[in-house]
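Chains U and H are the protein sequences, given in the same order. In our numbering, each residue carries its 1-based index in the first sequence increased by 9. In our numbering, each residue carries its 1-based index in the second sequence increased by 68.
If you're looking for bench data, these hints aren't it; they were derived computationally from the structure. None of the values given here were measured: they were computed from a predicted structure. Just so you know, even glycine gets a beta-carbon here, dropped at the ideal spot from N, CA and C. One should not assume that every hint holds.
[Stated by the list, open to error] DSS-like, lysine-lysine: derived pairs with alpha carbons at most 27 angstroms apart: (1) H:K89 to U:K22; (2) U:K114 to H:K431; (3) H:K431 to U:K101; (4) U:K114 to H:K89; (5) H:K220 to H:K177; (6) U:K22 to H:K258; (7) U:K22 to H:K431; (8) H:K258 to U:K68.
[As the list claims (entries may be wrong)] Partial list, computed: chain H residues near chain U (C-beta under 7 angstroms): (9) A229; (10) Q230; (11) V417; (12) H422; (13) G438; (14) M449; (15) N450; (16) P452; (17) E477; (18) F482.
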Amino acid sequence: MSIYQDQIIDHYKYPRNFISLKNPTLEYGDANPVCGDEIHLYIQLDNQEKVERIGFQGKGCAISMASASLLTELLEEMTISEMKKLTNEDIKEMLGISLTPVRLKCAILCLKVLEGAIHKFEGGEVGKSV
Amino acid sequence: MTTLDEQINKIREDFPILKRKVRNGVSLIYLDNAATTQKPKQVVDAISNYYLNVNANVHRGIHALSEEASEMYESAHKKTSDFIGANYEELIFIKNTTEGLNIVANGLKRSLHAGDEIVLTRAEHHSNLVPFIQIAKEKGIKIKYIDFIGFKDLDMSSAEAQITDKTKLLAFPHMSNVLGTITPVKELVKLAHDHGSLVLLDGAQSVPHIPLNVKDLGVDFMAFSGHKMLAPMGTGGLYGKEEHLDELDPQLFGGDMIKSVSYDDASWNVLPYKFEAGTPNVGGMVGLGEAITYLNNIGMNKVKEIEHYLTKYAMDKLSELDFIEVYGPDATKRGGVISFNVTGGKNGVFIHPHDVSTLLDEKGIAIRAGHHCAQPLMNAMNVPATSRISFYIYNSIEEIDKTIEALKEVQTVFN
Numbered sequence: 010m011s012i013y014q015d016q017i018i019d020h021y022k023y024p025r026n027f028i029s030l031k032n033p034t035l036e037y038g039d040a041n042p043v044c045g046d047e048i049h050l051y052i053q054l055d056n057q058e059k060v061e062r063i064g065f066q067g068k069g070c071a072i073s074m075a076s077a078s079l080l081t082e083l084l085e086e087m088t089i090s091e092m093k094k095l096t097n098e099d100i101k102e103m104l105g106i107s108l109t110p111v112r113l114k115c116a117i118l119c120l121k122v123l124e125g126a127i128h129k130f131e132g133g134e135v136g137k138s139v
Numbered sequence: 069m070t071t072l073d074e075q076i077n078k079i080r081e082d083f084p085i086l087k088r089k090v091r092n093g094v095s096l097i098y099l100d101n102a103a104t105t106q107k108p109k110q111v112v113d114a115i116s117n118y119y120l121n122v123n124a125n126v127h128r129g130i131h132a133l134s135e136e137a138s139e140m141y142e143s144a145h146k147k148t149s150d151f152i153g154a155n156y157e158e159l160i161f162i163k164n165t166t167e168g169l170n171i172v173a174n175g176l177k178r179s180l181h182a183g184d185e186i187v188l189t190r191a192e193h194h195s196n197l198v199p200f201i202q203i204a205k206e207k208g209i210k211i212k213y214i215d216f217i218g219f220k221d222l223d224m225s226s227a228e229a230q231i232t233d234k235t236k237l238l239a240f241p242h243m244s245n246v247l248g249t250i251t252p253v254k255e256l257v258k259l260a261h262d263h264g265s266l267v268l269l270d271g272a273q274s275v276p277h278i279p280l281n282v283k284d285l286g287v288d289f290m291a292f293s294g295h296k297m298l299a300p301m302g303t304g305g306l307y308g309k310e311e312h313l314d315e316l317d318p319q320l321f322g323g324d325m326i327k328s329v330s331y332d333d334a335s336w337n338v339l340p341y342k343f344e345a346g347t348p349n350v351g352g353m354v355g356l357g358e359a360i361t362y363l364n365n366i367g368m369n370k371v372k373e374i375e376h377y378l379t380k381y382a383m384d385k386l387s388e389l390d391f392i393e394v395y396g397p398d399a400t401k402r403g404g405v406i407s408f409n410v411t412g413g414k415n416g417v418f419i420h421p422h423d424v425s426t427l428l429d430e431k432g433i434a435i436r437a438g439h440h441c442a443q444p445l446m447n448a449m450n451v452p453a454t455s456r457i458s459f460y461i462y463n464s465i466e467e468i469d470k471t472i473e474a475l476k477e478v479q480t481v482f483n
């Protein structure tokens, strides 16, 4: 089965929540140095500490962009502790395709960025944001 | 079928890997030769024979095997220096082009001072860029860059502007691994020498593909890799004019590179051993010698002819596809490297090179996608990355036709 299923192509061509937020509660960006994919994530929490608004910006291959787009939909109304529980397996399930180790890195870049955003929000040390 | 096609078919018989299936049982089409080439049976047999029947450490042993191993190693040395038109002493065995470029960069360090300048081009591979960035930072040296006209041809007027009496070293690629452009070596050498600058040529993409002679080119140093010319990985050569190699400081110290050692001091061995410290890659270099024999039997003019034939054909076919943008000069001015992007055409979506590569891979077609170790060039060209196909003597017209058909399908998947 090709990894380029309709859902992937659709989210690559028409990414959801492809915006930057002005005053996000959480934000972070990172790149995959091997292939140059870049993703910047913006999350605004409501007073229940749930995801109220979310946006992403970035550039890269269909897998990295579609994955980020799908992730923004998945995160809607999630709390930080729920977001923290997300793993590579959840990303694979969300995409519904089987990926080689190299292409898996494209898919999970958005998750790495999310983890960075949470870590930064909680006062942890993070690398320089892109 | 032309005579060239027949010759290609005959060459293909020496490369068992070209018969293998990949992924879901599809035939391999290997178009990633600028990254590394496949190896013919003759080369693998030579390495295998060395390890199975000869293996011993070289140069110091008084026994039969050591003598035979030394003879094979030296013979490979001789074949390699002959291949590029160098004297025996002027060819150092190294593990890859990167090592050679680093030996020159670091070896020159002592003679470089604040205010000196190094001139490179906009199309450097990271290996001919990062060593100089490091030295520039350390010694307060300025790096200047020669532009390309439209990312096609090297701009000689830019070269004339950048190379001055402050220039201590001009380093550039004989052929760009991204654009495919073959640079005007002799003109650049003359310009640099007129200003008293040394010249280092990155021959990684030219030595395997075109006949060349370092004396004729006039360069002071040149580095190349064996694995891009049928030989095993971990092999390569650094050429340097004797008087410059004598001046260059060695970077790796130890056995074999010394003349005499006391508890307090050491002096260096003669060339080329001054730069070949420790046990060398004897088996690998025997393979390199055999690869050179193989190429010499075909003839480097024929190698060039085959690659030009394939490149011209592929560029003509690619130019018929309105959803593809090809970078670099026309086929007469380039080697067998074609970088391109599937831009999607007028109303289509840009398809990222990694996606292009994945879709071609599903059909057994191996290409390279990414920044090709040339991130600054990608940024200057304003592309995130490119797809790249690159040929060698065993690629066929049929393989190009299949690749063109596969690219049409790539476009259809997204558009």
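A quick look at each hint next to the structure:
no. : hint             : in the structure
1   : H:K89 to U:K22   : 33 angstroms, violated
2   : U:K114 to H:K431 : 22 angstroms, holds
3   : H:K431 to U:K101 : 23 angstroms, holds
4   : U:K114 to H:K89  : 26 angstroms, holds
5   : H:K220 to H:K177 : 32 angstroms, violated
6   : U:K22 to H:K258  : 51 angstroms, violated
7   : U:K22 to H:K431  : 24 angstroms, holds
8   : H:K258 to U:K68  : 43 angstroms, violated
9   : A229             : 31 angstroms, violated
10  : Q230             : 28 angstroms, violated
11  : V417             : 5 angstroms, holds
12  : H422             : 4 angstroms, holds
13  : G438             : 6 angstroms, holds
14  : M449             : 13 angstroms, violated
15  : N450             : 12 angstroms, violated
16  : P452             : 5 angstroms, holds
17  : E477             : 10 angstroms, violated
18  : F482             : 6 angstroms, holds
Checked against the numbered hints above, the structure violates hints 1, 5, 6, 8, 9, 10, 14, 15 and 17; every other hint is satisfied.
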